[in-house]
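Asker: Sequence:
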Amino acid sequence: MDKMKVSLLAGMLAVTVMVSGCASGGLAGGQKVATVNGAVISKAEYDKTYSEFQKSFHLENVPEAQKGMLDDYLKQMTLNKLILQTLINTEANKAGIKVSDEEVKQYKQDKIFNDPALKEQFKAFLSQNKMQESDFDAMLRENLLLNKFMESKGGQQVQVTDAEVKNFYDKNVEQFKMPESIRAEHILVKAIEPQLKQELRKANEKISDADLQKGVAAKKQELKAKAEKLYEEVKATPAKFEEVAKKNSEDTMSAVKGGDLGFMPEGTVDPSFWAAAEKTEKGQLYPGVVTSQFGYHIIKVLDRKAAHQQTFDEAKAAIREQMSQQKKQAFLQQWAQQQRAAAKIDVEKAYQPKEPEMGASAETGAAPAAGQPAEKSADAGKSAAGHQ
0 MDKMKVSLLA GMLAVTVMVS GCASGGLAGG QKVATVNGAV ISKAEYDKTY SEFQKSFHLE
60 NVPEAQKGML DDYLKQMTLN KLILQTLINT EANKAGIKVS DEEVKQYKQD KIFNDPALKE
120 QFKAFLSQNK MQESDFDAML RENLLLNKFM ESKGGQQVQV TDAEVKNFYD KNVEQFKMPE
180 SIRAEHILVK AIEPQLKQEL RKANEKISDA DLQKGVAAKK QELKAKAEKL YEEVKATPAK
240 FEEVAKKNSE DTMSAVKGGD LGFMPEGTVD PSFWAAAEKT EKGQLYPGVV TSQFGYHIIK
300 VLDRKAAHQQ TFDEAKAAIR EQMSQQKKQA FLQQWAQQQR AAAKIDVEKA YQPKEPEMGA
360 SAETGAAPAA GQPAEKSADA GKSAAGHQ
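Read left to right, the sequence shown gives residues 0 to 387 (numbering that gives the first Met the number 0).
One should not assume that every hint holds.
Stated by the list, open to error - Derived CB-CB ranges, DEER-like:
| hint | residue 1 | residue 2 | range |
| --- | --- | --- | --- |
| 1 | N171 | A217 | 49 to 55 Å |
| 2 | A216 | E150 | 30 to 36 Å |
| 3 | D169 | S133 | 44 to 50 Å |
| 4 | G266 | K93 | 45 to 51 Å |
| 5 | P193 | E119 | 28 to 34 Å |
| 6 | S151 | K223 | 54 to 60 Å |
| 7 | K348 | D169 | 50 to 56 Å |
Note that these hints are calculated values from the structure, not bench results. Even glycine gets a Cβ: it sits at the ideal position worked out from N, Cα and C.
Using the sequences and the hints given, assemble the complete structure.
Answerer: Rendered as structure tokens:
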């Protein structure tokens, strides 16, 4: 489900930081944040978008020393996204570009609800992100409108030809050498140290560093004991693995599928997780609980794929999609810069965020380089490691 969220947001996130920052300031009250060619950006819109970015970046898990800088960054992203969105909506309305309720419904049916497993993952995704389905629909509608807009305005500039796809594959054939991959299922008991520290500090703001370390160690011991108990349960009755995973695994995205993580290429998985899976025979349970940066895992290996060369026919769909995204993002960046330069934009002083001191990498919300093999997606590794 992480892939679903990324695919829906990547286009907009890629351009939220394209426009320049504003002067120094901070948040305050008031019903108007800015006007863009006379169109008002309201405080309610700002607050909602800012809250969504906070959730996406898991600000609650960021070290205190970095929170201020990231918060300034999110404020700028929020303002820039809303300015860009206003410019796009204005031009889309002029061109008669719309997304109907039926289109949103049909997209969900085709891409989510026709697959029972994905439907369950979707429910878990909403729950994990504390999101109503109506919120997801709004996000989806925005993304569908953005794609329609880029295809309509971009014309040939955003089209990808068969020749371009084949040329990319031929020139980058080495990129399509696929490493060994393992399909595994797991049960995760989370034990992420920064989160444990945060919980202890929340319970006792005056806790000393020594007591904090003792508390973390004690909590880890408790969680490991829980994982070991679950391991003994599935070891005694291997057929219950999926049932136990559904009830107990804290990797909610895989839990709904009985812990199944799908195929994970080497290099995309937590090293401790991979080392354990690599030693385990197909159809077997790893003997013991595996510790990773995300907590404690019980691992069962389902299948393996040997390293192989991905053919053009296997790779062409992913190449086309990624090249298309790159072209659309390049077009939208150019269009946004031109529109921003010509627009009359007035930002209320209280909402002018500080210029964030973030590197270029923090400004990248684009898809992977065109043609990067889909099997090398880092999403699989993150899920395998229990990343939420």
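Asker: Please go over all the hints and tell whether each is borne out by the structure.
Answerer: Checked hints:
1. N171 / A217: 49 to 55 Å: Holds, at about 51 Å.
2. A216 / E150: 30 to 36 Å: With a Cβ separation near 55 Å, A216 and E150 fall outside 30 to 36 Å, so the hint is violated.
3. D169 / S133: 44 to 50 Å: Holds, since D169 and S133 (Cβ atoms, about 46 Å apart) stay within the stated range.
4. G266 / K93: 45 to 51 Å: Since G266 and K93 have Cβ atoms about 47 Å apart, the given range 45 to 51 Å holds.
5. P193 / E119: 28 to 34 Å: Once the Cβ atoms are compared, 29 Å apart, the range 28 to 34 Å for E119 and P193 holds.
6. S151 / K223: 54 to 60 Å: 55 Å, holds
7. K348 / D169: 50 to 56 Å: This hint holds: roughly 55 Å between Cβ atoms.
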